[in-house]
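Engineer: Going down the list, the sequences are from chains A and B.
At position 25 of the first sequence (counting the first as 1) the number is 25 in the working numbering, and the numbers step up by one without a gap.
At position 46 of the second sequence (counting the first as 1) the number is 46 in the working numbering, and the numbers step up by one without a gap.
Don't read these hints as lab results, they were simulated from the structure.
Incorrect hints may have been included.
Stated by the list, open to error - In silico BS3-like pairs for lysine-lysine, Cα to Cα no more than 30 Å straight-line:
1. Lys249/B with Lys271/A
2. Lys251/B with Lys271/A
3. Lys36/A with Lys203/A
4. Lys217/A with Lys251/B
5. Lys14/A with Lys301/B
6. Lys249/B with Lys217/A
Stated by the list, open to error - Pairwise CB distance ranges, derived in the manner of DEER restraints:
7. Lys69/A with Leu294/B: 36 to 42 Å
8. Gln256/B with Asp213/A: 22 to 28 Å
9. Gln78/B with Gly55/A: 45 to 51 Å
10. Asp230/A with Ala230/B: 51 to 57 Å
11. Tyr222/B with Lys217/A: 55 to 61 Å
12. Arg137/A with Phe103/B: 35 to 41 Å
13. Gly55/A with Gln18/B: 44 to 50 Å
14. Leu246/B with Lys112/A: 35 to 41 Å
15. Asp155/A with Leu294/B: 37 to 43 Å
16. Gly227/A with Asn86/B: 54 to 60 Å
C-beta: ideal position from N, C-alpha, C; glycine also.
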Amino acid sequence: MKIKDHKTDRNIYKPMNGRIDDIIQLTADVRLFRVKTEIPLNYKPGQFFMVSVWGAGEVPISVASMPDKNRTLELCIRRTGEVTTAIHSLEKGQTIGIRGPYGNGFPLDISKGRDVVIVAGGIGIAPLRPIIQMLTRDRDDVGRVSVLYGSRTPDDIIFRDETVEWADNGIKVVLTVDKGNDSWNGNVGLVTGLWPEVLADFKKAVAYICGPDVMIKAAMRDLFFLGMPDEMIITTLESHMKCGIGKCGHCYYGARYICTDGPVFSYRDIKEMREP
Amino acid sequence: MKGEFILNKNHLSYWLRQLRKNRELIGPLMNSGNGIPGNSQTFGGANDIVFKSVDRIHEIVLDCPASLPSPKEFIFPQYEPMLKYNRGETTDKQKTDEISSGFHITDLKDRTRRVIFGVRSCDISALKLLDKFYLEGYSDPYYAARRENTLFISIVCNNPDPTCFCIGLGTGPYLEGGFDIQMTDLGDRYFVQTGSSGGAKTVRAFSFLFSRPKKADYEDQYEAFLSSKARFQKRISLEGIRQMILEGKVKDAFWQSVAERCFECGGCVYECPLCTCFTVTDRVYSEGIERIRLWDTCMFKGFTRMAGGLLPNEKMVMRTKRWYYHKLIHYPETLGGFGCVGCGRCTITCPGRIDMATVATKIKGLAVNSQAS
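Please construct the entire structure, taking both the sequences and the accompanying hints into account.
Structural biologist: Shown next as structure tokens:
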């Protein structure tokens with residue numbers, strides 16, 4: 001084995017600066033951070049970045065946008081732990097540490113000519129958003145597109161304005177909540193109760209799923225029983241991570257590293273994963 | 001690269017003294033017992049023999065037990081500073097422009113040149129897998145920097161401990177290759193083999209100390225090897241165990257019985273020359289922030305804790321099973337060898353007696369029992 005010690009200043013663990021150019025409050029605990037990076041980054045939907053605040057630490061965050069020439073990157077972050085709380089305390093103009101992109105990203109070419117079913121729960125909409133944006137732009141490449149999106153309450157619906165835009169672009173958007181309120185007259189219940197709403201030939205469709213663990217499991221199983229081939233049921237998994245590059249061991253599961261082998265897996269991959 | 005020599009024992013300390021001139025010399029030393037808690041290099045029991053920086057060469061313990069702590073911490077330390085972040089002008093040439101935090105990030109990679117004397121064959125075998133793990137795919141810059149600057153002088157174990165089982169795994173007590181310099185104790189002299197260009201250079205630079213081996217030396221070396229082989233008390237083949245697990249013959253009830261004996265101390269992981277997990281954390285000091293990494297262990301419940309507090313591996317059985325599956329199933333698939341080199345350190349450390357050797361023996365027992373019934 002040739003050991004390469006980079007004598008240069010290059011170090012994969014060293015984050016670059018990202019300047020927060022815009023912060024959009026999406027719900028009570030979710031904000032969208034528009035970040036400008038030092039150099040242009042080439043990333044795919046489903047990949048993630050290690051985002052850090054010095055003194056607080058580093059967390060994996062998946063991208064919520066498509067790459068563009070302006071070196072901007074959108075990160076949709078829910079305030080839930082130490083680091084995300086630190087990120088939420090930052091203001092416009094301040095910098096955060098960014099390194100990446102890591103992970104495999106969603107297989108998008110398999111959706112060509114097929115119906116697409118997107119199933120999201122809560123903050124799980126974030127990594128799926130760039131796919132939806134891409135599909136609204138390249139609407140002719142695929143068949144019918146349905147988005148099922150479940151939230152806790154109507155106030156927790158992230159990108160609520162954008163769901164209207166998506167619908168205007170010929171995407172069937174079905175929202176549901178766990179618990180409604182006075183102004184809500186839409187669906188109440190689980191996303192997995194919405195299969196009849198989906199415009200798709202399940203046997204020839206592709207699904208992209210992201211959300212809480214239980215939702216992912218239920219949605220994958222349901223779609224499989226509805227006749228969707230297991231390699232066409234795609235999800236992205238979440239895990240505690242410290243490095244993002246397959247070294248720290250935290251995301252090791254079923255003989256795979258979620259960071260480098262994933263985070264995107266098909267139902268077939270997941271069924272083949274060995275416990276634990 | 002490959003060479004065979006004889007070194008008279010009287011010349012050993014002179015040779016090491018010369019090597020120390022441009023490298024830090026590390027060797028097995030008796031621990032004084034007073035030091036900083038949390039730093040295994042300075043802390044420990046008074047009679048422990050540990051790898052330490054050698055101040056007085058005559059204090060190196062040549063006849064130490066085979067199972068002294070692994071020198072893993074010199075290439076993957078328990079505590080490693082990674083980056084330092086403090087206020088100041090950035091000198092980073094990559095920086096394009098307007099985006100600057102007004103802070104400067106310093107890389108704290110350790111490039112100290114070291115020579116580690118007295119390493120055991122099992123630990124040299126572990127290096128092969130560690131190299132593959134850390135350097136393939138995304139290369140780990142901290143490991144790479146330390147690894148490239150460290151030379152290993154290993155010693156064949158003429159007197160294995162009762163806990164050693166490298167013999168069944170082909171990871172010791174004597175190696176055919178993969179070492180920098182391998183030495184076999186022949187009583188009044190060492191049989192020295194070089195296996196890498198770094199090792200060959202180290203010997204060649206002091207060629208006046210070394211002589212060509214004669215027929216008698218080869219015979220003595222072979223004899224030492226045979227007598228060492230005969231001294232092993234444990235013979236464990238992990239391949240059979242792996243097959244049994246793959247065939248589903250090891251049920252969850254078995255792993256449950258293993259988990260029930262686990263104290264969650266993490267000792268097996270910290271002693272293991274092939275355990276690689278770490279955590280990263282920031283330490284805030286008055287003069288800046290240091291990002292450091294520390295050994296971590298999958299035996300702890302919090303190892304997989306996610307934001308929001310979800311614990312995917314809350315049950316102990318998940319964690320013990322994960323450790324064994326990782327070492328017995330995943331390592332052979334991805335790195336081409338077991339995640340165990342038979343050093344037997346977990347056998348010494350584990351208070352619950354659920355170490356690799358014991359568990360492997362129990363699994364083997366399952367096969368015997370199932371055949372009987």
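Engineer: Look at each hint and say if it fits the structure.
Structural biologist: Tested hints:
Taken as a hint, the Lys249/B and Lys271/A pair is honoured in the structure, with Cα atoms around 20 Å apart against an allowance of 30 Å. With a C-alpha separation of about 19 Å, the suggested pair Lys251/B and Lys271/A falls inside the 30 Å cut-off, and the hint holds. Between Lys36/A and Lys203/A the alpha-carbon distance is near 42 Å, which puts this suggested pair outside the 30 Å criterion. A threshold of 30 Å between alpha carbons decides the hint, and for Lys217/A with Lys251/B the separation of about 24 Å falls inside it, so the pair holds.
With a CA separation close to 29 Å, the supplied pair Lys14/A and Lys301/B stays within the 30 Å bound. For the hint pairing Lys249/B with Lys217/A, the CA-to-CA distance comes to about 27 Å; that is within 30 Å, so the pair holds. A hinted range of 36 to 42 Å for the beta carbons of Lys69/A and Leu294/B is consistent with their spacing of about 40 Å. The hinted window of 22 to 28 Å between Gln256/B and Asp213/A holds, with their beta carbons roughly 23 Å apart.
Between Gln78/B and Gly55/A the beta carbon distance is about 22 Å. The supplied range of 45 to 51 Å is therefore violated. At about 54 Å, the CB distance of Asp230/A to Ala230/B agrees with the hint of 51 to 57 Å. With their beta carbons about 60 Å apart, Tyr222/B and Lys217/A fall inside the hinted range of 55 to 61 Å. Between Arg137/A and Phe103/B the beta carbon distance is about 38 Å. The supplied range of 35 to 41 Å therefore holds.
The hinted window of 44 to 50 Å between Gly55/A and Gln18/B holds, with their beta carbons roughly 46 Å apart. In this structure, Leu246/B and Lys112/A meet the distance hint of 35 to 41 Å, their C-beta atoms being roughly 38 Å apart. For Asp155/A and Leu294/B, the hinted distance range of 37 to 43 Å is satisfied, since their beta carbons lie about 40 Å from each other. A hinted range of 54 to 60 Å for the beta carbons of Gly227/A and Asn86/B is consistent with their spacing of about 59 Å.
Hints 3 and 9 from the list above are not met by this structure, while the remaining hints are.
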